Amino acid sequence: MTLMPGRPDFDVIASWVEPGHRVLDLGCGDGSLLRQLIATRDVQGWGVEIDDANILAAVRNGINVIQSNLEKGLADFADDAFDHVVLSRTLQTVRHTEHILREMLRVGREAVVSFPNFAYWKNLRSVLDGRMPVSEDLPYQWYDSPNVRFFTLLDFESLCQQMGLIIRERQVLDETGTLVDASAARDLNFLGSLAVYRLTRPR
Amino acid sequence: MPGIGVVESQRIHFNEPLHLRSGGVLPSYELAVETYGTLNAAKSNAILVCHALSGHHHLAGHYADQPNNIGWWDNIIGPGRPLDTDKFFIVGLNNPGGCHGSTGPSSINPATGKPWGADFPMVAVVDWVNAQARLADFFGIDQWAAVMGGSLGGMQALRWSITYPERVRNALVIASAPKLSAQNIAFNDVARQAILTDPDFHGGHYYEFGTRPVRGLRLARMLGHITYLSNDQMGEKFGRELRNNAFSFDFDVEFEVESYLRYQGDKFAGYFDANTYLLMTKALDYFDPARLDDGDLVRTMARTHTDTNFLVASFTTDWRFSPARSREIVAALLANGRKVSYAEIDLNYGHDSFLMEDAHYHGLVGAFLGNIKL
Chain G
1 MTLMPGRPDF DVIASWVEPG HRVLDLGCGD GSLLRQLIAT RDVQGWGVEI
51 DDANILAAVR NGINVIQSNL EKGLADFADD AFDHVVLSRT LQTVRHTEHI
101 LREMLRVGRE AVVSFPNFAY WKNLRSVLDG RMPVSEDLPY QWYDSPNVRF
151 FTLLDFESLC QQMGLIIRER QVLDETGTLV DASAARDLNF LGSLAVYRLT
201 RPR
Chain V
1001 MPGIGVVESQ RIHFNEPLHL RSGGVLPSYE LAVETYGTLN AAKSNAILVC
1051 HALSGHHHLA GHYADQPNNI GWWDNIIGPG RPLDTDKFFI VGLNNPGGCH
1101 GSTGPSSINP ATGKPWGADF PMVAVVDWVN AQARLADFFG IDQWAAVMGG
1151 SLGGMQALRW SITYPERVRN ALVIASAPKL SAQNIAFNDV ARQAILTDPD
1201 FHGGHYYEFG TRPVRGLRLA RMLGHITYLS NDQMGEKFGR ELRNNAFSFD
1251 FDVEFEVESY LRYQGDKFAG YFDANTYLLM TKALDYFDPA RLDDGDLVRT
1301 MARTHTDTNF LVASFTTDWR FSPARSREIV AALLANGRKV SYAEIDLNYG
1351 HDSFLMEDAH YHGLVGAFLG NIKL
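These protein sequences, in sequence, are chains G and V. The first sequence maps to residues 1 to 203 in my numbering. The second sequence maps to residues 1001 to 1374 in my numbering.
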């Protein structure tokens, strides 16, 4: 099986799953992440998608995929059915943010969330120059963007705290997909284009 | 792409009695069968296609002497089609109790020398699956590459995965449900009442009177047909169109939709057997595999094999077997960590959508079957 060239956040996510784990990928697209996790980490995978073309592509790729609208929650999935529930570059497109995060941690032991960081310095510079940012991780014009929520790494961490979710791990990547070498949240917020989080429920 | 072309059917005799869920027994029986493609040496490329209420073994192609008698699922079967006859060996049969060549109510009861009629034992979905398992044995097929069906056919695919889990590598359950709703049963009962109260029914022994309950069967089909279509589609197709552009203020055919339904009813009543219709609707009503496990579908789905791949598909405009019913199956499979994909297909033809040719729908079936390694 030939793999799609790995997206850098996929590599981070792959490092957090163990062989045999059950992984649910929300907004799984054509199933690329699950294919990578199955091939390199030997996980059991399921995806959720709303788009017909992606459903077809995922089925063609041999990925288990469930056609469903994330805004309506994860009612088809039982509590604690998965080890990891992944929401990769999709949280910013979901209107019911708190609901989906709660649902992820209902059906899964851990939630893995990646999203474009609006406070990345290039994005800030773009706004200072008077234009909405367009970048590798925010690859849309304002008028055709599927994104409905614009938030920063610090915003997300504040929401997690408010919801009582525990951040187990955080990895931040710049626009080239390189891990940002910083530890202070403020620095990461400025230097990171894409943030990847590993969340759990409070004990 | 041209279809499969000329096909032939065969009748296969089974001497071993078939013990039925109702307690009845078929001492021996025949199955009308068609196959397309070639069974490979490993016998690993066989797909069983189960029919719905009014279907039969003639899935695809046409008979040499009947060029217009095209199989009911011809659009999905053939060289290069989703059920690719260059790769797979496709098996279709008429289920016991049917009226297209398999042993059914219009067959001769060996005990009396007369047609079975109302004495034909009640058949359930699991009985069909058992008969199909013997058909698999007849062909030497230990394991189906896939079992598939739409509607009542999907119920058989689901039952296969529960009853013979090790014999099903892939199951395609399309426009189906884990059991009928009260509304479904209600529709079936009105259809049955139409037949049972027809003066020509003669308690199911109409064959002996040289007649058939055509009026009842016609009404049953008209009612059924309404439930197979979507409101939108009926609106688009017929609207309130009048045949003669003006009201005639009588009870003759006025609206195009009346004309259509009466035509469908007449056509169906002309060839279908009323006793078979009664049996098929009862099999639908009784279907509820979760009864094996006190009504808990999650436990029932635990009986399926961990290696079986499921494709469950529903249609957005199907109100007879709505997407929510398919999702019940999906949820129960997911709760057991089974390999399942689910598609909710946006097609406008109501329950009948599963018979329609659509690039996305057929693409999905083709992609799913395309992953089968032989």
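Keep in mind that a hint or two might mislead.
Taking lysine to any residue pairs in the SDA-like style, the calculated list, with each CA pair at most 25 Å apart, reads [what the hints assert, rightly or not]:
| hint | chain 1 | residue 1 | chain 2 | residue 2 |
| --- | --- | --- | --- | --- |
| 1 | G | K122 | G | R102 |
| 2 | G | K72 | V | A1335 |
| 3 | G | K72 | V | S1322 |
| 4 | V | K1373 | G | A39 |
| 5 | G | K72 | V | G1337 |
| 6 | G | K72 | V | V1298 |
| 7 | G | K72 | V | L1347 |
| 8 | G | K72 | V | H1100 |
| 9 | V | K1179 | G | A78 |
| 10 | V | K1373 | G | R41 |
Here are some, though not all, of the chain G residues that point toward chain V, as calculated from beta-carbon distances under 7 Å [to be verified]:
| hint | residue |
| --- | --- |
| 11 | N54 |
| 12 | N64 |
| 13 | V65 |
| 14 | M163 |
| 15 | R201 |
Calculated from the structure, these hints are not laboratory results. Because the structure is a prediction, the values reported are computed rather than measured. Beta carbons are placed, not taken as given, at the ideal position from N, Cα and C, and that holds for glycine.
Subject >> List of violated hint numbers, smallest to largest >> reply: Those not satisfied are hints 1, 8, 11, 14 and 15.
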